[in-house]
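Engineer: For the protein sequence lines, the chains are A and B, in the order given. Residue numbering for the first sequence is 1 to 154, as defined by our numbering. Residue numbering for the second sequence is 1 to 103, as defined by our numbering.
By construction, these hints were calculated from the structure, which means they are not laboratory data. Only true hints are included.
With a Cα cut of at most 30 angstroms, we get these calculated DSS-like pairs of lysine-lysine: (1) K36(A) to K33(B); (2) K126(A) to K21(B); (3) K33(B) to K71(B); (4) K21(B) to K10(B).
Which chain B residues face chain A? A few, computed with CB under 8 angstroms, are given here: (5) I8; (6) P20; (7) F25; (8) Y29; (9) L32; (10) F56.
Model, not experiment: these values are computed from the prediction. Backbone N, C-alpha and C define an ideal beta-carbon position, used for all residues, glycine too.
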Amino acid sequence: MVERILVVITTTSFVMPNFGIKIAKNNYNVESDYEKLIMFSKHPVLKLKSSGTDTAHYTAGNTEFTVTIPHNLGYVPVCFVYGEYFDVDTESVVERYSRWNRWIYRGVQVADLYYYYADDTNLYIKFEAAEGITDAFSFDLDYMYHIFYDEDNL
Amino acid sequence: MADFGLKIAKQGYNVLDAEPKDLVFSSSYPCLKILQLGKVSAVSSSEITFEDIIKFPLVILVFLYNSATSKYEPVEVEFDSTKLYLDGGENTGSYYYYFICYA
Numbered sequence: 001m002v003e004r005i006l007v008v009i010t011t012t013s014f015v016m017p018n019f020g021i022k023i024a025k026n027n028y029n030v031e032s033d034y035e036k037l038i039m040f041s042k043h044p045v046l047k048l049k050s051s052g053t054d055t056a057h058y059t060a061g062n063t064e065f066t067v068t069i070p071h072n073l074g075y076v077p078v079c080f081v082y083g084e085y086f087d088v089d090t091e092s093v094v095e096r097y098s099r100w101n102r103w104i105y106r107g108v109q110v111a112d113l114y115y116y117y118a119d120d121t122n123l124y125i126k127f128e129a130a131e132g133i134t135d136a137f138s139f140d141l142d143y144m145y146h147i148f149y150d151e152d153n154l
Numbered sequence: 001m002a003d004f005g006l007k008i009a010k011q012g013y014n015v016l017d018a019e020p021k022d023l024v025f026s027s028s029y030p031c032l033k034i035l036q037l038g039k040v041s042a043v044s045s046s047e048i049t050f051e052d053i054i055k056f057p058l059v060i061l062v063f064l065y066n067s068a069t070s071k072y073e074p075v076e077v078e079f080d081s082t083k084l085y086l087d088g089g090e091n092t093g094s095y096y097y098y099f100i101c102y103a
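Just chain A, with the same shape it has in the complex (with noise of 0.2 angstroms):
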């Protein structure tokens, strides 16, 4: 529930003016500190350009998969991708998501690498199966993503 909204915007050009919206959480007033507001035009929030979840085949010898999901903002956006992992112990994939960025040692300088990136065209979601182990398996790896407009290379 919104408790208040104050627009305030000005015209004149004789004084630097102090104009926005800001719109406060329930019983709270718009002058109270930032942690309050629900909105505050002065600070940006992250705008949505594209989200999905969908899944991901690995198979077995391959040594790695890459996603390749276009945006062609032209510039690097901020990015988040969650997904779930290969267990090799239990030869079974975690139905559990954590952000694609981890490494799972499976021995000495061996590991699965699970990493994102972006460029000025696409988002990358990458798997790198530590050879001879993780390797050996073939699965599916269920994943999500979410592309914003705000430039992560600022």
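Starting from the known structure of chain A, arrange chain B on it as the hints suggest.
Structural biologist: Chain B in isolation, oriented as in the chain A frame:
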């Protein structure tokens, strides 16, 4: 049907021709919203049940306040469609701050 909504541009940009990245807000684009947030002890493990049913995709952000260093750091955690799982095992006086978000 008219093109309507609310746009707020960043300082130095015009709402009429600004790119989405140069807007503070636009009702044309969903923004990241906090479904649930909280603070729990990081000494022992805990499970945070989502208070609302929400479909994937989500954005989950968790930070650890480490009492030994008096600093905050992002931590990787696991979740499924109903719960967030926090490992614990940190020093006495350490806390997790979690944000369950959607857009």
